[in-house]
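Chains as they are written, first to last, in the working numbering: chain A, 1475 to 1585; chain B, 5 to 118.
None of these hints come from the bench; they were simulated from the model. Note that CB positions come from ideal geometry on N, CA and C, so glycine has one too. Since no wrong hints were added, every one of them can be taken at face value.
Selected chain B positions facing chain A (Cβ under 7 Å, derived; list incomplete):
1) Gln45
2) Thr106
3) Gly112
Here are the simulated lysine-lysine pairs, DSS-like style, with alpha carbons at most 30 Å apart:
4) B:Lys18 to B:Lys74
5) A:Lys1577 to B:Lys105
6) A:Lys1572 to B:Lys87
7) A:Lys1572 to B:Lys74
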Amino acid sequence: GQNIDQPTEMTATEGAIVQINCTYQTSGFNGLFWYQQHAGEAPTFLSYNVLDGLEEKGRFSSFLSRSKGYSYLLLKELQMKDSASYLCAVREMNRDDKIIFGKGTRLHILP
Amino acid sequence: DGGITQSPKYLFRKEGQNVTLSCEQNLNHDAMYWYRQDPGQGLRLIYYSQIVNDFQKGDIAEGYSVSREKKESFPLTVTSAQKNPTAFYLCASSITAGGGKTQYFGPGTRLLVL
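Chain B with its partners taken away, still in its complex shape (with noise of 0.2 Å):
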């Protein structure tokens, strides 16, 4: 089955921790996003990655970090640095960045904060 995965659903972080979710697709899509939704809220775009080994800031990119290392995944830390963490979080991918293609999202991780 193609699609995009994220992992885990839920996830606990403790105050001055790290934590990285997970994104994985196979749609062998070149561009990939991370997006934050907070209640009531639309989508705001964190980071985006267009090729393998390279990525750009979003709108609200500080206390995050990326990696895109192999095109098929694209990892988010929430470092310690971000103070208010607690969102739902939304990877998506398209074949490319332009153009009319459409995102297609992973089911998200929603990070609770202890």
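So that you can see chain A by itself, here it is in the shape it has in the complex (with noise of 0.2 Å):
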């Protein structure tokens, strides 16, 4: 089966980093997704790891080990614009590559 965790809800200051975790457990690890969901709207595309290591795009970066089943998201110098749920997913390769989410994390920025 497949087990995706991550925390409810954090906060942070504007202008800060903040570091949001996820591990998983997965029988055929096929990559890792990060998408950023504001409310009520549909989810959008951040990041993608499938090897270990850093990817880094802006603001955002995303870390990923393998063998720890472990990722994070890295936002810099946020802004009030980045309040938003980040959904952690996991493709998973003997499920038909199928995505499976986790239950979100809603980061709330304070001025």
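Mind assembling these two chains? They're in different frames, but the hints should get you there.
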């Protein structure tokens, strides 16, 4: 089976840095995604990791350690518009490459 | 403009009624998906289709049905057998189902039971 864990909620201050962790257990790992979802809207793609290491894209970076079943999303120079839910999702190779989503981390940004 | 459209944005269902949610994409994507999202929950896969005229059940297919007669269209019917249909329904598509292909989501349909 599969299990994806991430914190339910986090709070950070505008201009600061925040790290959102995600741990997963899967029988056939084939990539990890991070999505951003504002309230009442559709998720939008942020990053994709399939190999170990750090992927940087502007203010956002995503890290993966396959041996530890661990990823994090790092958000720098936080802005008020970053207030959203962040969804960690894992693609499972032996389940028709379907993507399994975690419950999401709701991030609150304080001025 | 290329993208995924879902209609309607809000849908009301009466008890015992079947309702159909529309999903159309003009991205020329082969794979399409339907997810359900409940408050505080992750996205759960209802049905998916990797190619025209073929589809598979996801994790929570009971009470739902789909069709894939055209590449660009993947409508979802919520039948009267679905006893708790109130949720946010999201349609997604990807170029293919495998590899590192990300999914792109439509704006969603919020279904409410009267």
